[in-house]
Amino acid sequence: MNISRRHFLILMPAAAVAWESVLAGTPEQAPNYKMSDHWWGMLVDISKCIGCGNCVRACQAENNVPDGHFRTWVERYHVDDYHLENPQVISPDGGKEGFPSVAEDPNGKFFYVPKLCNQCADSPCTQVCPVGATFVAPDGAVLIDQAYCLGCAYCVQACPYGCRYIHPEKKVADKCTLCYHRITKGLTTACCENCPTGARQLADLKNPKDPIHEFLRTHNVQVLKPQMATGAKVFYNDLDGSVR
Amino acid sequence: MNGVEGYMYPNEISLFWSILIVLYPYITGLVAGAFILASLERVFRVEAVKPTYRLALLTALAFLIVAPLPLVLHLGHPERAPEMYFTPHSTSAMAMFGYVYLWYLMAVLVLEIWLDYRAEIVALSQTSKGILRLIYKVMTLGSNNVSPRSLHIDEKVGWIVTLVGIPSAFLLHGYVGFIFGSIKANPWWSSPLIPVVFIFSAMVSGVAGVMLLYMAIMKLRKQKIDMQCVDTIAMYMFYIFIIDFSLEMLDLVHRIYEADESFRSLDFMVHTKLYFSQIVLQIFIGTLVPLFLLFLTQVVKFKEIVRKRIYVLCGSLILISVFAMRWNVVIGGQLFSKSFLGYTTYKVALISKEGLLVSIGLMVLPLIILAVLLKLLPPWPEKRPQAAAAD
Numbered sequence: 001m002n003i004s005r006r007h008f009l010i011l012m013p014a015a016a017v018a019w020e021s022v023l024a025g026t027p028e029q030a031p032n033y034k035m036s037d038h039w040w041g042m043l044v045d046i047s048k049c050i051g052c053g054n055c056v057r058a059c060q061a062e063n064n065v066p067d068g069h070f071r072t073w074v075e076r077y078h079v080d081d082y083h084l085e086n087p088q089v090i091s092p093d094g095g096k097e098g099f100p101s102v103a104e105d106p107n108g109k110f111f112y113v114p115k116l117c118n119q120c121a122d123s124p125c126t127q128v129c130p131v132g133a134t135f136v137a138p139d140g141a142v143l144i145d146q147a148y149c150l151g152c153a154y155c156v157q158a159c160p161y162g163c164r165y166i167h168p169e170k171k172v173a174d175k176c177t178l179c180y181h182r183i184t185k186g187l188t189t190a191c192c193e194n195c196p197t198g199a200r201q202l203a204d205l206k207n208p209k210d211p212i213h214e215f216l217r218t219h220n221v222q223v224l225k226p227q228m229a230t231g232a233k234v235f236y237n238d239l240d241g242s243v244r
Numbered sequence: 001m002n003g004v005e006g007y008m009y010p011n012e013i014s015l016f017w018s019i020l021i022v023l024y025p026y027i028t029g030l031v032a033g034a035f036i037l038a039s040l041e042r043v044f045r046v047e048a049v050k051p052t053y054r055l056a057l058l059t060a061l062a063f064l065i066v067a068p069l070p071l072v073l074h075l076g077h078p079e080r081a082p083e084m085y086f087t088p089h090s091t092s093a094m095a096m097f098g099y100v101y102l103w104y105l106m107a108v109l110v111l112e113i114w115l116d117y118r119a120e121i122v123a124l125s126q127t128s129k130g131i132l133r134l135i136y137k138v139m140t141l142g143s144n145n146v147s148p149r150s151l152h153i154d155e156k157v158g159w160i161v162t163l164v165g166i167p168s169a170f171l172l173h174g175y176v177g178f179i180f181g182s183i184k185a186n187p188w189w190s191s192p193l194i195p196v197v198f199i200f201s202a203m204v205s206g207v208a209g210v211m212l213l214y215m216a217i218m219k220l221r222k223q224k225i226d227m228q229c230v231d232t233i234a235m236y237m238f239y240i241f242i243i244d245f246s247l248e249m250l251d252l253v254h255r256i257y258e259a260d261e262s263f264r265s266l267d268f269m270v271h272t273k274l275y276f277s278q279i280v281l282q283i284f285i286g287t288l289v290p291l292f293l294l295f296l297t298q299v300v301k302f303k304e305i306v307r308k309r310i311y312v313l314c315g316s317l318i319l320i321s322v323f324a325m326r327w328n329v330v331i332g333g334q335l336f337s338k339s340f341l342g343y344t345t346y347k348v349a350l351i352s353k354e355g356l357l358v359s360i361g362l363m364v365l366p367l368i369i370l371a372v373l374l375k376l377l378p379p380w381p382e383k384r385p386q387a388a389a390a391d
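Protein sequence lines, in the order shown, are assigned to chains A and B.
Its first residue numbered 1, the first sequence is counted upward by one per residue in our numbering.
Its first residue numbered 1, the second sequence is counted upward by one per residue in our numbering.
It cannot be assumed that every hint is accurate.
In silico DSS-like cross-links for lysine-lysine, where the CA-CA straight-line distance does not exceed 25 Å [unchecked claim]:
hint, chain 1, residue 1, chain 2, residue 2
1, A, Lys171, A, Lys34
2, B, Lys347, A, Lys170
3, A, Lys171, B, Lys353
Worth flagging that the hints you see were computed from the coordinates, not collected in a lab.
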């Protein structure tokens, strides 16, 4: 095929625009990071969470999460002996500023439950996306190509855990990415790094040396809403049956 | 928190699907129902409804043209909507919308209307003047042969298109129901009955819509309403409505009897936030009242004027009922928390991209399109021009 100089000059910018579009959803390059070597998840130890809200603040600062929306939040449960199926739950402003203090309840218990995207292996949100803008990456992180998302909110409806929202300025779906820009560089997530008690631990299930394996073997660990069969990879230690 | 009772996950407080998403299944339902009415005459040879055949087709087309608008307007990035065609995600029910829509628009409705009107379009392209002549010339698509053999072929192909159109109409609307029914995260939606209920409610709303349009247009044109026609339509409407109501009640009774983990939450919602729109509007005023009245028309010989009034009242109530049903599904499904511990509130804005005024505009727009179509392609037998000559 003969391409004249004039045609070449016209085609070059078009090719550049097309290439930019191809790269639009590609995560920032991280040297030595091989997706297929990882399978990311998280361990949340409920018995260690003190409801300080550090994780929520760290997440919002790290990821520019808009006010009133949450990539992670903390809930406080109050379950009394007579209403095991109807816990009292609060999460004022996502637990960002902690929780009001409460007196001890001799007939019940209080505990905190941090929530975030469960990075499901069989995620209902990626199943319904009409253009495949949200997907499970080969390393197990559920990501959104925001340069491609239509903002139809079908994924928001499909998430059983309420982890997704439509970003009010970008008008696209948004949620926890497990701080993908950090973990691909060998760092941990902002929430894990800022948790003062170690209640949240990033876990790489493909890494045989990751302490998650020992923990899963020796503790009573569950996932949220197992009946949804989503292949959730956020594992909760000491999860009370009343937690939804 | 304002408008919230109990505990909602913090991202659930505002609704992400608004009144526009209520309109989407409502409008596609009217399309599917209108087409089914047209097919009564064409495929099932119910000659009594012939006066509404062409009107039903044009109504279906007018509403189908508008059907994707609420969806596109609702998108955060409407300019990316064509991506659904270019890079559809094979596991997404929504991704199929574009294809089902195009199939229904081009392969069924437009083709059937064109085949049915072709001889008249050819005649009008010869007798009209000015811009109209050009429009009709384009509409002939260069096919000017109106010989008896050619018209016979049109008739045969048109019959096949209608035959294919019936399952296509079911597909179009059943698929809309599947979008909701397949969401396992939401117990209010997640049910295999939803697509079936959507199909039958679509049929009843479309039939009611065309019947009302026919009666209104006849009144405007100062022509006599063909009572045999509207009696037959009302009879079909009654039977379809019974099936629709039975299916909806089956769904309701099943939920109540099974009483799974979501039941207490949903039951509370039906008795509070959805009480008016579901119990009062959809079930009582919109379903039981018209069912009773239509039943009366089947067993009692009313005078013509009484029957007309009953049909107008029932048709209007059915349209309200089906709209309320869509509202209860779409909005109701977002008013409770997926934690089953709380409820939120939805208020329709008056002036916004997804507000009340836009919604009203979207419901008026198909009527304007229909008026243009009726002008361009008059469905009335006395206005049929004769082709000048066969090529």
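Cross-check of the supplied hints:
Straight-line distance between C-alpha atoms of lysine 171 of chain A and lysine 34 of chain A comes to about 31 Å, which puts the hinted pair past the 25 Å bound. Under the criterion of a C-alpha separation no larger than 25 Å, the hint pairing lysine 347 of chain B with lysine 170 of chain A is consistent with the structure, at around 23 Å. As the CA atoms of lysine 171 of chain A and lysine 353 of chain B are separated by approximately 13 Å, the hinted pair is consistent with the 25 Å bound.
Hint check: a violation occurs at hint 1 only; the rest are consistent with the structure.
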